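Novice: Spelled out from the first residue to the last, the chains are:
Protein chains: 2
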Amino acid sequence: MTIAEEISRDEQFMAEAFKEAEKALARDEVPIGAVVVIRGQVVARAHNLTEALSDPTAHAEMQVITAATSSLGGKYLGDATLYVTVEPCPMCAAALYWAQLGRLVYAAGDPKRGYTLVTPNLLHPKTEVSYGILAPRASKMMKAFFHKKR
Amino acid sequence: MTIAEEISRDEQFMAEAFKEAEKALARDEVPIGAVVVIRGQVVARAHNLTEALSDPTAHAEMQVITAATSSLGGKYLGDATLYVTVEPCPMCAAALYWAQLGRLVYAAGDPKRGYTLVTPNLLHPKTEVSYGILAPRASKMMKAFFHKKR
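Protein sequence lines, in the order shown, are assigned to chains A and B. Position 91 of the first sequence, counted from 1, bears residue number 91 in full-length UniProt numbering, the numbering being contiguous throughout. Position 113 of the second sequence, counted from 1, bears residue number 113 in full-length UniProt numbering, the numbering being contiguous throughout.
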């Protein structure tokens, strides 16, 4: 696969994560969405549900890890790429450590609660990381949401 | 409450967390248990279920946070004390940040994956922390479990 093809594929799956973020937005949740992809197939999709579930752990990444591992019947996601519209928080990054995720792709960084503010080592050492794909779209969505809330 | 009374109360609730750890052990799960207490009442109890659920995020603390906040109908645990038999990992500590936990009490430290190895700041700044209550019992239980697995 050429670099151009890889970027195109990442954009395609990130667009799927944005579909999930839009579902969160429609429920007045912080608009973050995620998908898990294995060998070119989306195997799980989820969005933030902290308000609906009254559960502070119900971030998009946690929901999608649980959905993926439960449906695959194993605890590990070494063959998987997780696409998420915003940089994971420390909880979600440390959850991805336990899942031994193969690759993480996030759109926008989170300057307040992103895991890289603590240490990139919250992830598993074997997890590859890419970011910035469709980042302006994610930033715009988050800013509009929090602006409306103020 | 005197200090002796407070220790006695902590031991009583930690014993409840150990009952949960025993349930995990009986299912051949890593034997860790947790309870959430509000104003002297256990409001939620849970144990590690990572194998049973094929879910790397199903730690005792995550299960008990979800159970407590869902049943209370709110995302925050500022009035609560969480008792857990082993020091939380970074994922669980960062989850307790989101819950804005009032007080954390753990028995044994975890020299491999305890959150304090990363930074104590993974917890919320307002969370009080106590540890060491019944620690030898927790250490012995963990060591016996992993020795058997080898």
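FYI, nobody ran anything at the bench for these hints, they're computed from the structure. Hints should not be assumed to be uniformly reliable.
Same chains, same names: a pair is fine if it fits in one copy or spans any two.
[To be verified] Capping the alpha-carbon separation at 25 Å, the derived lysine-lysine pairs in BS3-like fashion look like this:
# : residue 1 : residue 2
1 : Lys23     : Lys143
2 : Lys19     : Lys126
3 : Lys126    : Lys148
4 : Lys19     : Lys112
5 : Lys23     : Lys126
6 : Lys149    : Lys75
7 : Lys126    : Lys75
8 : Lys126    : Lys140
9 : Lys143    : Lys126
Quantities reported herein were computed from a predicted structural model and do not represent experimental measurements.
Novice: Run every hint past the structure and note whether it holds.
Specialist: Here is how each hint holds up against the structure:
| no. | hint | in the structure |
| --- | --- | --- |
| 1 | Lys23 / Lys143 | within (17 Å within a copy, 45 Å between copies) |
| 2 | Lys19 / Lys126 | neither (28 Å within a copy, 36 Å between copies) |
| 3 | Lys126 / Lys148 | neither (39 Å within a copy, 28 Å between copies) |
| 4 | Lys19 / Lys112 | within (24 Å within a copy, 38 Å between copies) |
| 5 | Lys23 / Lys126 | neither (31 Å within a copy, 33 Å between copies) |
| 6 | Lys149 / Lys75 | between (37 Å within a copy, 17 Å between copies) |
| 7 | Lys126 / Lys75 | within (16 Å within a copy, 33 Å between copies) |
| 8 | Lys126 / Lys140 | neither (31 Å within a copy, 32 Å between copies) |
| 9 | Lys143 / Lys126 | neither (32 Å within a copy, 27 Å between copies) |
This entry does not satisfy hints 2, 3, 5, 8, 9, going by the numbered hints stated previously.
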